[in-house]
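Trainee: Residue numbers (my numbering), protein chains in the order written: chain A, 1 to 148; chain B, 1 to 148; chain C, 1 to 148; chain D, 1 to 148.
Wrong hints could be hidden among the right ones.
Said to hold, decoys possible - Below, in silico cross-link-like pairs of lysine-lysine (DSS-like), each with a Cα-Cα straight-line distance of 27 Å or less:
id	chain 1	residue 1	chain 2	residue 2
1	B	53	C	133
2	A	81	D	53
3	A	81	C	12
4	A	110	D	17
5	A	113	C	113
6	D	17	D	110
7	D	12	A	88
8	B	113	C	53
9	D	53	A	88
10	A	133	C	110
11	B	53	C	113
If you're looking for bench data, these hints aren't it; they were derived computationally from the structure.
Number of protein chains: 4
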Amino acid sequence: MKASYMEDTLNKVSEFKFSVGVQVRFSETDMFGHLNNTVTFTYFEFARIEYLKSLGLMTNWQQEEVQNILVVADLQCDYLKQVFFDEKLEIYVRTARIGTSSIDLHYLAKNEKDEPVFTGRGTVVQINRHSGKGAAWTEDEKQLLHGK
Amino acid sequence: MKASYMEDTLNKVSEFKFSVGVQVRFSETDMFGHLNNTVTFTYFEFARIEYLKSLGLMTNWQQEEVQNILVVADLQCDYLKQVFFDEKLEIYVRTARIGTSSIDLHYLAKNEKDEPVFTGRGTVVQINRHSGKGAAWTEDEKQLLHGK
Amino acid sequence: MKASYMEDTLNKVSEFKFSVGVQVRFSETDMFGHLNNTVTFTYFEFARIEYLKSLGLMTNWQQEEVQNILVVADLQCDYLKQVFFDEKLEIYVRTARIGTSSIDLHYLAKNEKDEPVFTGRGTVVQINRHSGKGAAWTEDEKQLLHGK
Amino acid sequence: MKASYMEDTLNKVSEFKFSVGVQVRFSETDMFGHLNNTVTFTYFEFARIEYLKSLGLMTNWQQEEVQNILVVADLQCDYLKQVFFDEKLEIYVRTARIGTSSIDLHYLAKNEKDEPVFTGRGTVVQINRHSGKGAAWTEDEKQLLHGK
């Protein structure tokens, strides 16, 4: 499973159509002088939300009346190259699989030399806020997800 | 103002009757090899909440029906000594002043050699959740605050 | 791969012999009211280092003359149950596989009701600080790793 | 002291000539739904370093041979208005006072409506890396600091 996601991510770079930029903050480094391992997930979260916003999903998720919310089922990161203070990274996101009420997102981070520095994946599930059960994507939502 | 709080904090160490322990995490260090400056405020927050819980305040603040909540008006930290990975610190808190609807809290962090490593202060205000206005302490609450 | 690690982690709970406690800080929650997803990796890091220290590994890793250091190759977390502010969690760690110069660590977090709330895994590699190449475990180190 | 810095910061907005933008991340909110209080210091740190880089200071501070480094002596933040997820803030920095080997920096954060949401201040001291003692600014450095 891991192998196939990594292959996908690194071999199909051209399939990533969305990305956001981040700049490594001093507070995000650790005493080894690198970006701390735990911070990559913060970047994935930022990129994921921007990506979902760009698709037109999550436009009203902060409102009280919203029935369905998106929750993270799992997260994974593979570290390929050290990242240092002040580097500017581009974090790419794409939908690798659309399930009934879930999506698998793939992530790829590249440095200014266009080198992959870390990759990631994770499943996001749409659930009903009240029942906690999976809420199937509508056809409209599937269209949005197929877009990018 | 700063001068007087520092004097207070360092000269009246015996007036601190409450403390909590924290251990510096690897992710809390930065590339200079020290505890990152921004993390001390996380420790203050942790200590502050434990302190207020110990007083019997904030026992029900997470419930919907709660009228009054506590908000932080300002925060300050003075760095006295470098703190390193894995050090165990004791974070002391005390109420230095009780106002009509606010309190000034003082903080002191000591390392395992009992040396002060940083101090802090900050005002916390009780406000009405709906009006956003200051909500005066009851006599009972003042009693609790005088306790420590 | 994921399936097998999850099975392992949840079915072989009794094989976890090491754990550390953490308490969810207010600053570690997010606007959904839960422990933010990115913080579980901070807990894993804290537990991993305490675990390695408990084995007698990493006793001198902060010193200049150290030849070999441990680096994280990948990290994964599966979220089973929501975790809230102030909960006390126990984070379990064990070595699930010993390679030539790497180990696979499994993680399990339980709440105060002894329910699993999230699990994780990740490979740690010992590399030579100067060459950046994998550095094989000594027989002594393998013994230490077999201990827990 | 506090009073005068606040006055300075809010009344002399036009004296701020440098700023950086930040966008509030989901992981930076807390269960109250706001930007967590501790994160403002992370923004100050990011803005401070960008500011010092823009002045031409700290251009070589990551190199081994550097004699003098800048350390934070104290930090302060006053919270004026709640800040929410996804807001774009502009963080302004300026040098309010130049001492022999230190500077006082003032910070001001504004939201997209151009409203001040929090202010801050803090002293940064240049010390000799080896002796730990204050290292006086050169005339060239003072010129750079007067620039903005």
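Trainee: Assess, step by step, whether the Cα of residue 12 of chain D is no farther than 27 Å from the Cα of residue 88 of chain A, and give holds or violated.
Mentor: The given pair, whose Cα atoms are some 33 Å apart, is violated under the 27 Å limit.
Trainee: Mind checking the alpha carbons of residue 53 of chain B and residue 113 of chain C for me, to see if they're no more than 27 Å apart?
Mentor: holds (22 Å)
Trainee: For residue 53 of chain D and residue 88 of chain A, compute the direct alpha-carbon distance and say whether it is at most 27 Å.
Mentor: holds (15 Å)
Trainee: Below or equal to 27 Å on CA atoms is what counts here, so check residue 133 of chain A against residue 110 of chain C.
Mentor: holds (22 Å)
Trainee: Keeping to a limit of 27 Å between CA atoms, is the pair of residue 81 of chain A and residue 12 of chain C held or broken?
Mentor: At roughly 33 Å apart (the allowed maximum being 27 Å), residue 12 of chain C and residue 81 of chain A break the hint.
Trainee: Run the distance test for residue 113 of chain B versus residue 53 of chain C: straight-line Cα separation, threshold 27 Å.
Mentor: holds (22 Å)
Trainee: Next pair to validate is residue 17 of chain D with residue 110 of chain D; report whether the Cα-Cα distance is within 27 Å.
Mentor: Distance of about 14 Å is within 27 Å: holds.
Trainee: Is residue 113 of chain A within 27 Å of residue 113 of chain C, Cα to Cα?
Mentor: violated (49 Å)
Trainee: Hey, residue 81 of chain A versus residue 53 of chain D, does the alpha-carbon distance stay inside 27 Å?
Mentor: Roughly 26 Å between the alpha carbons, so the hint for residue 81 of chain A and residue 53 of chain D holds.
Trainee: If you draw a straight line from the CA of residue 53 of chain B to the CA of residue 133 of chain C, is it 27 Å or shorter?
Mentor: Violated, at about 50 Å.
Trainee: Assess, step by step, whether the Cα of residue 110 of chain A is no farther than 27 Å from the Cα of residue 17 of chain D, and give holds or violated.
Mentor: violated (32 Å)
The earlier numbered hints that this structure contradicts are 1, 3, 4, 5, 7.
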